[in-house]
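S.K.: Spelled out from the first residue to the last, the chains are:
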Amino acid sequence: MAAKTRVVTRAGRRRREAIAGLLFVAPATVGFLAFYLLPTVRAFQISLTDWSLLRAPNVVGLANYRRMIGDPAFWHSAWVTLTYVLYNIPLQTALGLLLAVLSDRLARSVALRAVIIAPYLMSNVVAGLVWMLLLDPILGLTNAWLAHVGLPRQGFLSSPDEAMASVAAISIWRNTGLTALLFYAGLQAIPKHLYEAARLEGADEWSMFRRITLPLLRPVLAFVLVTSLVGSFQVFDVIAVTTEGGPAQSTRAILWYIYENAFKFHKMGYASAISVTLFSVLILVTLLQMRLLRADHSDLD
Amino acid sequence: MRTFRRAALLACTAVTIMGAAPARAADVTVEYWMWDGNQAPIYRQCADRFEADNPGIKIHITQDSWDNYWTTLNTAFVAGTAPDVFVNHITRFPEFLANDILADLTPRIAADTYDMGSYLPGLAENWNKDAHQWGLPKNWDTVALVYNKAMLADAGVTEDEMRDLDWNPENGGSFGKVVARLTVDRNGKHGLDPGFDKSKVAVYGWATDPVDGYGQNQWSFLAASAGFKYISQRWGTTYEYDSPALVKTLTWLHDLASKQGYAIGQENLGNLKAVALFSAGKVALVPDGSWMIAAYRDNAKADFGFAPVPKGPDGRRSMFNGLADSIWSGSKHKDEAWKWVKYLGGSACQTLVGASGVVFPARPEADRTAEAAYRAKGLNVSAFTMVATPATTFPFPITDHSSEISAILKTAVENVMLGQGKPAQILKNANDQVDGMF
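Chains as they are written, first to last, in full-length UniProt numbering: chain A, 1 to 301; chain B, 1 to 438.
Calculated from the structure, these hints are not laboratory results.
Any given hint could be a false lead.
[Said to hold, decoys possible] With a straight-line cut-off of 25 Å between C-alpha atoms, the simulated DMTMM-like cross-links for lysine to aspartate or glutamate are: (1) 273(B) x 17(A); (2) 264(A) x 48(B); (3) 177(B) x 161(B); (4) 264(A) x 237(A); (5) 422(B) x 237(A); (6) 264(A) x 67(B); (7) 273(B) x 162(A); (8) 200(B) x 162(A); (9) 428(B) x 161(B); (10) 428(B) x 161(A); (11) 282(B) x 260(A); (12) 264(A) x 212(B); (13) 311(B) x 298(B); (14) 264(A) x 161(B); (15) 264(A) x 185(B); (16) 311(B) x 404(B); (17) 200(B) x 161(A); (18) 428(B) x 260(A).
Could you put the whole structure together from the sequences, leaning on the hints where they help?
M.R.: Laid out in structure tokens, this is it:
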């Protein structure tokens, strides 16, 4: 009799816990369904139509996707985005790691960390505006300084050869602080006795970094790489503020091209098709990265 | 949950009360949207007079910034919440027409025997397709040159000279010479002096906004004065960007910067535009549109004046463009909306707008008021008004697919001005691509 009561109570408690658990995840689930899943499904639906935003849509099947494959402007924007990612990710990650290790191993000052994260507190739009003024070829401070040290004037955002690198530099300037902070947090999880032991064995800073820091930082590294890679494929706001895809389409990144199609050319169906494609590619890239970096394992266990 | 519902109910009631308060039960409210914050108070004055003349109709004006305006308007058309009357722009007109957004004004104009001939010639035509009228003209703009008076005097150029410049794509004419004379290097040598160093220019003789595909305030007045036409007629289906006149004009402008060093090249033109370069004293002469007059007055510290665009082999030419008021096809109060549109396009409201000295109204009698208002602010704007005639203007190239076409042409002209390939080839390719869309 006593045993039976206990069983019932345990089952009841488990059910109560399950309900509480569901209640806890409910707000997030509702948000996910309403703001992520539903729009994604809608985008896929719209991508099968010729919706112009202003007229009732007709279903056109996969015509938008076929058009995309044969659209040189789409491939150009994909290529432009890829160059941005290639400028952005290696530099931002390396700089962030360097800053994190330096502030961890050399100067553990709160003020310094605050300075490093400061640009990230600014919105992309403000960062874009500030740098647009600084990088102006004739009126900007950067060129005044270049002239002062005897270097020739640079077009930066106005030159098709330098515009994408300039946009990437603005993003790196803004985001490196966050990357550094994430790495810094990761570094705090590495037991200090490992370094002490290594130092007793006579290891120098470089080999400690290579053999202790880097392997033990891998889960954080994976997180940083995945989020910043996905983020840089979606570069938009800095471009919208500074170059609007120009000059001569040198910064017409994929999200800008989607925006142009949807809201300037009134081709919502086509814009949705490109969005869905970008979404699928990013999911694949993310899965691949997680797999390669074994993101769910830590060498500390 | 119950508290939430009660709060929601309360909020609803509050909104209903607030919304209902200003209007009587039988009143019709006409929603009117515009983007220019400078003009919104003036139009409120028009609305007050209109309301006094038309009891039972209220005007509700909403003003939003240029970018927000179009995004909000587009979504409002879809959602069915668009304004009854809105300020329309020529670049959006073809898309709206193709998507049945606009109400046809033709039957109403005929029924009221409304005089369309009372506007400056060329303005109403911009809003007409196949003998149907889709908007009433509101105001207009032309392009003129802006010069820095001190720099002019320093180079020994008189203001009389500026009023009578000529230009051609072969040697640049007297306009080209003035641009050269206005350019000064860091040693104080002017563009035509021996020993002028084009690698060390301190003040340029010429700069424009970064170029776009139509070049309204950058290159169109020079190309048109050399005989270039965008399209053969309004709503045409073939563009003429492969014309030798355009190739020669753009090549001359490109060389002016890259070969002679008298102008700021496209690769050095940031988003800050000509008005910023002019105000900073980096350039002595710039072309700009009449919509920028106030910006020069507010920003330029130096004394400046306006001169007409130069006369080319084909005469003096400026683009002639303007806004209109249109009625949304989904409006539930089209009769009241038409009364308001008529009032906006009429003499009383346009004269009021002219007296504010912010824009040039579409009616000639209101323009005289506007000129006087500008003069009272110390600005002689005759360089803009003198070219507002059919012989000295050309229209914006209005055709279908205009937004996509504008993107293609912008890239082509940018490439020419950046020196990325042969101008004739770049423009021919773009023109073929554009013509292929029809």
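S.K.: Checking one constraint from the list: CA of residue 264(A) to CA of residue 67(B), max 25 Å. Satisfied?
M.R.: Holds: residue 264(A) and residue 67(B) sit about 11 Å apart, inside 25 Å.
S.K.: Is residue 428(B) within 25 Å of residue 260(A), Cα to Cα?
M.R.: 24 Å, holds
S.K.: Keeping to a limit of 25 Å between CA atoms, is the pair of residue 428(B) and residue 161(B) held or broken?
M.R.: Between residue 428(B) and residue 161(B) the Cα gap is close to 37 Å, so the pair fails against 25 Å, i.e. violated.
S.K.: Can the restraint linking residue 264(A) and residue 48(B) be considered satisfied, given a maximum Cα separation of 25 Å?
M.R.: Distance ~35 Å between residue 264(A) and residue 48(B) Cα, so the pair is violated.
S.K.: Below or equal to 25 Å on CA atoms is what counts here, so check residue 273(B) against residue 17(A).
M.R.: Since the Cα atoms of residue 273(B) and residue 17(A) sit roughly 64 Å apart, the hinted pair is violated (cutoff 25 Å).
S.K.: Would you mind confirming whether the straight-line C-alpha gap from residue 264(A) to residue 212(B) stays at or under 25 Å?
M.R.: Distance ~15 Å between residue 264(A) and residue 212(B) Cα, so the pair holds.
S.K.: Has the given pair, residue 264(A) with residue 161(B), been kept, meaning a C-alpha gap of at most 25 Å?
M.R.: Cα-Cα ~43 Å, so violated.
S.K.: Holds or violated: residue 264(A) with residue 185(B), Cα cutoff 25 Å?
M.R.: 43 Å, violated
S.K.: Does residue 422(B) pair with residue 237(A) here, judged by a C-alpha cut-off of 25 Å?
M.R.: Distance of about 33 Å is beyond 25 Å: violated.
S.K.: Would you mind confirming whether the straight-line C-alpha gap from residue 264(A) to residue 237(A) stays at or under 25 Å?
M.R.: 16 Å, holds
S.K.: Are the Cα positions of residue 311(B) and residue 404(B) separated by 25 Å at most?
M.R.: Outside the cut-off at roughly 32 Å; violated.
S.K.: Verify the proposed pairing of residue 311(B) with residue 298(B), using a straight-line Cα cut of 25 Å.
M.R.: Not satisfied, since the Cα-Cα distance of roughly 29 Å exceeds 25 Å.
When each numbered hint is compared with the structure, violations occur for hints 1, 2, 5, 9, 11, 13, 14, 15 and 16.
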